[in-house]
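Residue numbers (our numbering), protein chains in the order written: chain X, 1 to 645; chain H, 1 to 317.
Incorrect hints may appear among the rest.
Straight-line distance between alpha carbons at most 16 Å, and here's what the computed EDC-like set of lysine to aspartate or glutamate pairs gives [unchecked claim]:
| hint | chain 1 | residue 1 | chain 2 | residue 2 |
| --- | --- | --- | --- | --- |
| 1 | X | K93 | X | E240 |
| 2 | X | K249 | H | D313 |
| 3 | H | K310 | X | D289 |
| 4 | H | K197 | H | D239 |
| 5 | H | K197 | H | E49 |
| 6 | H | K197 | H | D48 |
| 7 | X | K249 | H | E309 |
| 8 | H | K310 | X | E433 |
| 9 | X | K93 | X | E538 |
| 10 | X | K402 | X | E434 |
| 11 | X | K402 | X | D441 |
| 12 | X | K93 | X | E248 |
Across the chosen pairs, the derived CB separations fall in these ranges [stated by the list, open to error]:
| hint | chain 1 | residue 1 | chain 2 | residue 2 | range |
| --- | --- | --- | --- | --- | --- |
| 13 | H | L139 | X | R596 | 41 to 47 Å |
| 14 | H | D302 | X | R209 | 21 to 27 Å |
| 15 | H | L139 | X | E74 | 47 to 53 Å |
Looking from chain H toward chain X, a few residues come up when the C-beta cut is under 7 Å (computed) [unchecked claim]:
| hint | residue |
| --- | --- |
| 16 | P69 |
| 17 | G76 |
| 18 | R83 |
| 19 | P86 |
| 20 | G90 |
| 21 | V91 |
| 22 | R94 |
| 23 | T293 |
| 24 | E295 |
| 25 | G296 |
| 26 | K304 |
| 27 | L312 |
These are calculated hints, taken from the structure and not from any lab test.
All C-beta atoms in this analysis are idealised placements derived from N, C-alpha and C, irrespective of residue type, glycine included.
The primary structure of each chain is shown beneath.
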Amino acid sequence: MFRDSHTRPSAQALADDPSRIAGELRIRSIPEQIVEIVSDSGEGAQTAGQIFGTVCAKMSNGLWTVEIIPAEIEPPARSRAGASGIRIRFGTKPVANMGDQADLVVAFNEQVLYSRVDQGALRAGTLLLIDDKWGASDDPKIRAAYQAALEDFDSAGYDVREIPISAETRTLTDNPQRGKNMWVVGLLCAIYSRDLDLAKREVELLFKRKRKGDELIALNHRLLEAGHAWAVEHFETRFEIPSETHGEKMVVMNGNAAVALGAMAAGMEVCSMYPITPATSASHYLAADFHHAGGIVHQAEDEIAAVGFALGASFAGKTALTITSGPGMALKTEFLGLAVMAEIPLVVVDVQRGGPATGLPTKVEQGDLLASIFGQPGDAPKVVIAPSSHEECFHFMVTARKLAESFRTPVFVLSDANLATAQACLPRPNVSEEWLSPPIDQSPWKQGAPAYGWDGETGISRRPIPGQPGGAFVLTGLAHDEQSHIAYESSINQRAMNMRSRKIAALQAALRPPEIYGDEQGDLLVVGWGSTRGAIEEAVDRVRADGHRVGSVCLRFLSPLEPGLEEIFGRYRRVMTVEINYSDDLSGPGTPPSARRYSQLAWLLRATTLVDVDCWSRVPGQPLPPQMIEAALRSRLEGADQCTD
Amino acid sequence: MYGLKSDWLDESTPRYYTFEDYEGATARWCSGCGDHGVLTAVQRLCRDEQLPPEKTVFVSGIGCASRFPHYMNAYGFHGLHGRALPVACGVRARRPDLHVFVATGDGDCCSIGTAHWIHAVRYNMKMVVMLLDNNVYGLTKNQTSPTSNKGSVSNTHPRGSALDPINPIQTSLGIANASFIAQTVDWNPAHLFATLKAAHRHPGLAFVRILQRCPHFKSGLFDSLMSDPSKLLLMTHPDGIVVDDVVKKQFVNQREHDPSDMSEAREIADSQDATPIGLFYRNAAADRYDAFTSEGIATSRDAKLAALEKQLDRYQI
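Given the sequences, and given the hints that come with them, work out the whole structure.
Shown next as structure tokens:
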């Protein structure tokens, strides 16, 4: 029934690619593809997507997945707002962002597709594979809704196909609700010429981790095979995405797993946390395996206790981190100020979500930058860094621990929901034994040496640890002198504040200016930070392809800022930031230039460089697609004061 | 051991610590403040138990009582209002070699830090928690505390406080996994010392509420307890707080109470008659969270590396 007519996943790239004829079967080679699986909550779409994505990665494709998460655990079935699922972008080249619109979407019901339409996730020609069971529903309302939706989608220009997902699954299991996701993985494996044995292996690993028996594994293998066979029978044209060998060993995981493994590799001993979306899964990964590496996860009674426990462990000479998200950062504020004041090493991971208040719990935002740097009362200088990739999620944990100890300071690591939940490939880290070293200088403490023997130039001092004879001191959050004695004298307070601030300058002196992507001078420089890097660079590539001279910089260090920014900014006609946080549009209605509120990095750069840094930012609750950034760049390049989405 | 150099653990020549070895900065509490007596009792305890100062950590929050660590010669952590207990639990988590003491007040423990109090008692990690309860906020100058009596006049309740106070003993006895709940008074050095000693030797979290005089803002609050022996009830038992007969004789009201009997402990705590002092409850076999948190302390670097590689194998393409 689907002969030929059904063989147009129609990625723009498809048209140009030569097809290869193998008997009746045509296999088209394409450079990349964006696939989505969407469903009601709890139908296993994410599991299916993760397995399919892992298979793609294991076939040496580039990979980036995005979880589509409803706010509730189980929103009403067939609800337009409750779409749950996953996007999988895979390609020949490394993939560093979610891309623009999907090429193919598998939907377990038609209603959830509406939310994808609202999100702008589909384009004319997107192939929609929809479970046809709703057309035969006993409920006339459902049948009517189904038909109406098909007509809506058809007239919107999507390539709509009904496929018997539930019906075919039912031939193998009494409960297709719990099996259809695997059938779909089989289907996708056939459409994209994936190695079905790899999929079987992933299924086996997954079910063994969940302590499921062989019987269930065998059933799921049969479902994979059935989905595969059905696609082979009904799809005449299939696709392949050639691989470029990575040349080095790669691993595939999401950003929270990378943070968790990075914490283990950094020699962390204590992860003290309180559950909060989207940070918690990092602690889940740790909780499962941390004890093998000599660490523990403490689930505290609240966010405040979580950081207090970590600080207590750190004071006692142990490496400690706490993992949270924006609301948790707000609650921890007082303790974070204490960590600065009393110079207690601590790694704080903030997996940012939409704010303020409870905001968008499952969705991405880069809204905690300024709160991180300036959030505590008084002057509280500390180190703030932001990974821009999964590889950095891992390695920045090692960096953070090192900086925390060397500079005797809290170090904030700003990840976000995009990195946290996206699966991507990264080179397998070469774990160094050195990273696991004990946290402290263990030479004897000189009798009478002060607890804060600040070096006048760098503000750095060595810290005594309980157990160390001669080092006994009372750490305090009150103003204190070198001996940690409470001291309210103005000169002592001024000096201690100097010393704590000087550490930040000393760290900046050790940093190199950021690398520039694209043109090293020209019309426009785009400055970003964190998870937006991949999408920004893709947008820069596109406008450069049209002859524009555009560069981009991704800042990993936010406090201190990387050096040399004024010089770099001076090489471009215009400088702007692109961020996922709020800003007023340039001369937007109701916002005269004097009242314009800038995005957070732009605030920071304007204040520190005195360059007239512009910004474009959005808070869509999802990663910025390259297309949106591209449009913003073009509008700035054309000199428009206002840009539209 | 414990990831720290082993030569920290023993001095090459064992020495005898004197009382003076535990003296820190000169205490700046008001004269007549009950905290002075507690400080002396603790210094005596450290001396008698020969706790090396470098192996002893005093953790506190904010308030008059929380200045305690500064007046000891030991490691100290004078942190945030209400947050002494999470810090102390963190200190204890991976350092079973340290002796951990917490000094907290009624505002610190029973108001702003209540969540931590409940959970720390349940965690039951080995430490001594001293609640120095003077029924008032002293450092911020005379506000109502959660343990202030109904009707007591303060700057925040000039017409008298509206509600009955929290009874910290009743509350503590209601917490799952509580393992040592005692009450004593600052003005009876012998009972105070005996209570702290029993607390220190208890294998778990020992919660000791110390009724503590504040002559500045609560002058005379405990006068009747001090002048009229019948207002106190001494709980006695061989497994309880054991004091000399000389001390015992000061108490006209005595009641034998087996500290393993929780329901009787609650009955005594609920009683509106005399103020009970002694050990309400003890369960040396209660689960200890520090047994969990100290797992794997001795994991070797090789074992850690092997564990990491195994994890990475899982994600290998």
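Checked hints:
1. Note on K93 of chain X and E240 of chain X: the hinted pairing holds, with a Cα-Cα distance of about 14 Å set against a maximum of 16 Å.
2. Only pairs whose Cα atoms come within 16 Å are accepted, and K249 of chain X paired with D313 of chain H is accepted, the gap being roughly 10 Å.
3. For the hint pairing K310 of chain H with D289 of chain X, the CA-to-CA distance comes to about 10 Å; that is within 16 Å, so the pair holds.
4. Between K197 of chain H and D239 of chain H, the direct Cα distance comes to roughly 13 Å. Compliance with the 16 Å bound is thereby established for this hinted pair.
5. Distance check on the hinted pair: K197 of chain H and E49 of chain H sit about 9 Å apart at the alpha-carbon level, within 16 Å; holds.
6. As the CA atoms of K197 of chain H and D48 of chain H are separated by approximately 9 Å, the hinted pair is consistent with the 16 Å bound.
7. Of the pairs offered as hints, the one joining K249 of chain X and E309 of chain H holds, with about 13 Å between alpha carbons and a cut-off of 16 Å not exceeded.
8. Among the hinted pairs, K310 of chain H with E433 of chain X is consistent with the structure: their alpha-carbon atoms are about 15 Å apart, no more than 16 Å.
9. Proximity of K93 of chain X to E538 of chain X is assessed by CA-CA distance (about 12 Å); at most 16 Å being required, the pair is judged to hold.
10. Of the supplied pair hints, the one linking K402 of chain X and E434 of chain X holds, its CA atoms being roughly 11 Å apart against a limit of 16 Å.
11. Taking the CA atoms of K402 of chain X and D441 of chain X, the gap is about 13 Å. The hint holds against a cut of 16 Å.
12. The hinted pair formed by K93 of chain X and E248 of chain X meets the criterion: a straight-line CA distance of about 14 Å does not exceed 16 Å.
13. The beta-carbon spacing between L139 of chain H and R596 of chain X, approximately 45 Å, falls within the hinted interval of 41 to 47 Å.
14. A hinted range of 21 to 27 Å holds for the C-beta pair D302 of chain H and R209 of chain X, which are about 25 Å apart.
15. Range check, L139 of chain H to E74 of chain X: Cβ separation about 49 Å, and the 47 to 53 Å hint holds.
16. Evaluation of the P69 of chain H hint against chain X yields a held restraint, the C-beta minimum of about 5 Å falling below 7 Å.
17. With 7 Å as the threshold, the beta carbon of G76 of chain H comes within range of chain X, its nearest partner Cβ sitting at about 3 Å, so the hint holds.
18. Because the smallest distance between the Cβ of R83 of chain H and any Cβ of chain X comes to about 5 Å, under 7 Å, the interface hint for this residue holds.
19. Hint on P86 of chain H holds. Least Cβ distance to chain X is approximately 3 Å, under the 7 Å limit.
20. Residue-level restraint check for G90 of chain H holds (minimum Cβ-Cβ distance to chain X is 2 Å; threshold 7 Å).
21. Because the smallest distance between the Cβ of V91 of chain H and any Cβ of chain X comes to about 4 Å, under 7 Å, the interface hint for this residue holds.
22. Evaluation of the R94 of chain H hint against chain X yields a held restraint, the C-beta minimum of about 5 Å falling below 7 Å.
23. At a threshold of 7 Å, the smallest CB-CB gap from T293 of chain H to chain X is about 5 Å, leaving the interface hint in force.
24. Taking 7 Å as the C-beta cut-off, the interface hint given for E295 of chain H holds, the closest approach to chain X being about 6 Å.
25. Look at G296 of chain H: its Cβ gets to within about 4 Å of chain X, closer than 7 Å, so that hint holds up.
26. Contact between K304 of chain H and chain X, as hinted, is supported at the beta carbon level, the nearest pair being about 5 Å apart and thus within 7 Å.
27. With a least beta-carbon distance of about 6 Å to chain X, the hint placing L312 of chain H at the interface is held under the 7 Å criterion.
Comparing the model with each earlier hint shows no violations; every hint is respected.
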